[in-house]
Amino acid sequence: MVARMMASAFVAEGKFVASFPMYGFERRGAPVVAFTRVDDKPIMEKTQIYFPDCMLVIDPGLMKLPTLFTGLKPGGALVVNSKTPLKSKPNENLKIGGVINATQIAVEEIGRDIPNTCLLGAFAAATGWLELKSVLACLGDYLSGDMLQRNLKSAERGYKEVEVIKW
Amino acid sequence: MKAKTVKPRVMTGNGAAAYAAMLCRPEVVASYPITPQTEVVEQLSAFKADGVLDAEMVEVEGENSAMNIVCAASIAGARVFTATSSYGLVYMYDTLLQTAGFRAPVVMVNVNRETPGIQAVSAGQQDMISTRDSGWIQIIVENDQEIIDQIIMAYRIAEDFNIQLPIMVNYDGYYLSYLAEAVQIPDQTDVDAFLAPLKKQPQRPRLVPGEARGCGTHGMEMGYVEARYKHCMALDRVKNHVDKIDKEFGEYFGRSYGGQIEEYKCADADIVIVASGSAAGTARTVIDSKRAEGLKVGLVKLRLFRPFPEERLAQALKGKKAIGVIDRSVSFGWKTGPMCTEIKSLCSKIGPVPILSYIDGLANLDINIPHIGRVIDEVAVAAKGKPYQEVTWIPMEEER
Numbered sequence: 001m002v003a004r005m006m007a008s009a010f011v012a013e014g015k016f017v018a019s020f021p022m023y024g025f026e027r028r029g030a031p032v033v034a035f036t037r038v039d040d041k042p043i044m045e046k047t048q049i050y051f052p053d054c055m056l057v058i059d060p061g062l063m064k065l066p067t068l069f070t071g072l073k074p075g076g077a078l079v080v081n082s083k084t085p086l087k088s089k090p091n092e093n094l095k096i097g098g099v100i101n102a103t104q105i106a107v108e109e110i111g112r113d114i115p116n117t118c119l120l121g122a123f124a125a126a127t128g129w130l131e132l133k134s135v136l137a138c139l140g141d142y143l144s145g146d147m148l149q150r151n152l153k154s155a156e157r158g159y160k161e162v163e164v165i166k167w
Numbered sequence: 001m002k003a004k005t006v007k008p009r010v011m012t013g014n015g016a017a018a019y020a021a022m023l024c025r026p027e028v029v030a031s032y033p034i035t036p037q038t039e040v041v042e043q044l045s046a047f048k049a050d051g052v053l054d055a056e057m058v059e060v061e062g063e064n065s066a067m068n069i070v071c072a073a074s075i076a077g078a079r080v081f082t083a084t085s086s087y088g089l090v091y092m093y094d095t096l097l098q099t100a101g102f103r104a105p106v107v108m109v110n111v112n113r114e115t116p117g118i119q120a121v122s123a124g125q126q127d128m129i130s131t132r133d134s135g136w137i138q139i140i141v142e143n144d145q146e147i148i149d150q151i152i153m154a155y156r157i158a159e160d161f162n163i164q165l166p167i168m169v170n171y172d173g174y175y176l177s178y179l180a181e182a183v184q185i186p187d188q189t190d191v192d193a194f195l196a197p198l199k200k201q202p203q204r205p206r207l208v209p210g211e212a213r214g215c216g217t218h219g220m221e222m223g224y225v226e227a228r229y230k231h232c233m234a235l236d237r238v239k240n241h242v243d244k245i246d247k248e249f250g251e252y253f254g255r256s257y258g259g260q261i262e263e264y265k266c267a268d269a270d271i272v273i274v275a276s277g278s279a280a281g282t283a284r285t286v287i288d289s290k291r292a293e294g295l296k297v298g299l300v301k302l303r304l305f306r307p308f309p310e311e312r313l314a315q316a317l318k319g320k321k322a323i324g325v326i327d328r329s330v331s332f333g334w335k336t337g338p339m340c341t342e343i344k345s346l347c348s349k350i351g352p353v354p355i356l357s358y359i360d361g362l363a364n365l366d367i368n369i370p371h372i373g374r375v376i377d378e379v380a381v382a383a384k385g386k387p388y389q390e391v392t393w394i395p396m397e398e399e400r
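Chains as they are written, first to last, in our numbering: chain P, 1 to 167; chain L, 1 to 400.
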């Protein structure tokens, strides 16, 4: 869902997007990888992304995957949901790191561990690729009422509280 | 362009399909949820609950019932819609054939997924291929916008008085069903206007409750043969009609897709790649980069698969030095992929040039840029008269 919201935020800034997840059965909690492309012109390719510019890691448990950073482009960015700061640069190709305890913020603001909107705010701040107002503007396409208000707060806190590291 | 300009909205292929269906104002909808189509049913149910879809939605216990219901409603004169995928498509197989036999103009979305065999919850066109001889019109689209536009066009094709056949609009599961893109949802008044010619044509034959009428041929001898013959003739008329409706759609909405096939940079091409669905989008980018290297290569995007667009294909492929066909399914009993096997049947019209078959993208695997690049390189070598491999299963040759 965060990939889709991100796509909407980029569209709000006049970009073209293509975003999709890849998984088999529809099961909550199963590992999911999602890809988002952004461009100034229409996007024709409909393939998975093998050489990302940025990685958004929602479950910190996945940081232990040996293949996590395979294909990451030099100068790349990482935004991770984690309660502990990064001890060292996790991959030599990284130039930007963003660490946010999105789970805690989500629990505080939304009442459940749904860190997506918080991470989207953190992504905007760490990479500088999106303005906060675009992130906030797109959430109304997906949420309404009290849930929208809570997620707006969660996204805003992600934007303001993310710890950004430049290597 | 006559249509109103609309603000783009981000949605998935499934969401786009549901929106398009709603805009066509179906009177009866019956559909059973199945991965990766589920969101279509969810969204249509939400439209109904919100009061924006004025259709009778029949809750069914399975796809066989879904197809029986929309077929019956269609025979009674209603505009209908359903959506399925894979196991769902094969679970309605008998009634799928019946619907075609009754010439019921059902519009169905089929989200392409592998079929039963070794269990399968993954992308692939095997489900569509397995029903290619069902008598349905089958069309394949490439992106979310084309999903919307083709569903709207589908009603103009299926319900045309001179056609009256069911149509299956196919798009790749996962790669398109879940793909979020910015799309333009046409305004309701524009869709109404585009579908309006259907109201001006003669009333198609239908069953009226309380009025007893025969229906069906009882499956014997000449009645059956004549029905089959007329069915085949109607399918043949679909080809030009698809081109005509696509052109008309383009004039109205400012977007068109080539009709039966789309030729991309084919005119001066020495070699041509044939692909369909989401892979055709990826292929465009590879064609562009190979062209930048000086290779004269083009793409034929196969849109209409049933009826098979043999005249348009022969025209597009004639004079080319070699052809590569990428299939996202297999043809049991043939070495070559199903689309390739059928394109080979055009040899008497296009000449004995090398036609190379590539099997790729089965079971969620990606038909990616290096794969298509390799296809083009190998077809270019074959075009020079050098030896080539007739069939290549790309994933089986990759390093792992």
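Calculated directly from the structure, the hints in this document are not laboratory data.
Quick caveat, the model's predicted, so the values are computed rather than measured.
Positions of the beta carbon are idealized from the N, C-alpha and C atoms, including for glycine.
One or more of the hints may lead you astray.
Straight line, CA to CA, 25 Å or less: simulated PhoX-like cross-link-like pairs of lysine-lysine [unchecked claim]: (1) 41(P) with 290(L); (2) 87(P) with 73(P); (3) 95(P) with 64(P); (4) 7(L) with 41(P).
Partner residues are not named here, just some residues of chain P that face chain L (Cβ under 8 Å, in silico) [stated by the list, open to error]: (5) 4; (6) 16; (7) 18; (8) 19; (9) 20; (10) 21; (11) 26; (12) 45; (13) 46; (14) 48; (15) 51; (16) 52; (17) 141; (18) 143.
Computed list of chain P residues with no C-beta within reach of chain L, every gap over 10 Å [what the hints assert, rightly or not]: (19) 7; (20) 11; (21) 47; (22) 70; (23) 74; (24) 133; (25) 148.
List of violated hint numbers, smallest to largest: 15, 16, 18, 19, 20, 21
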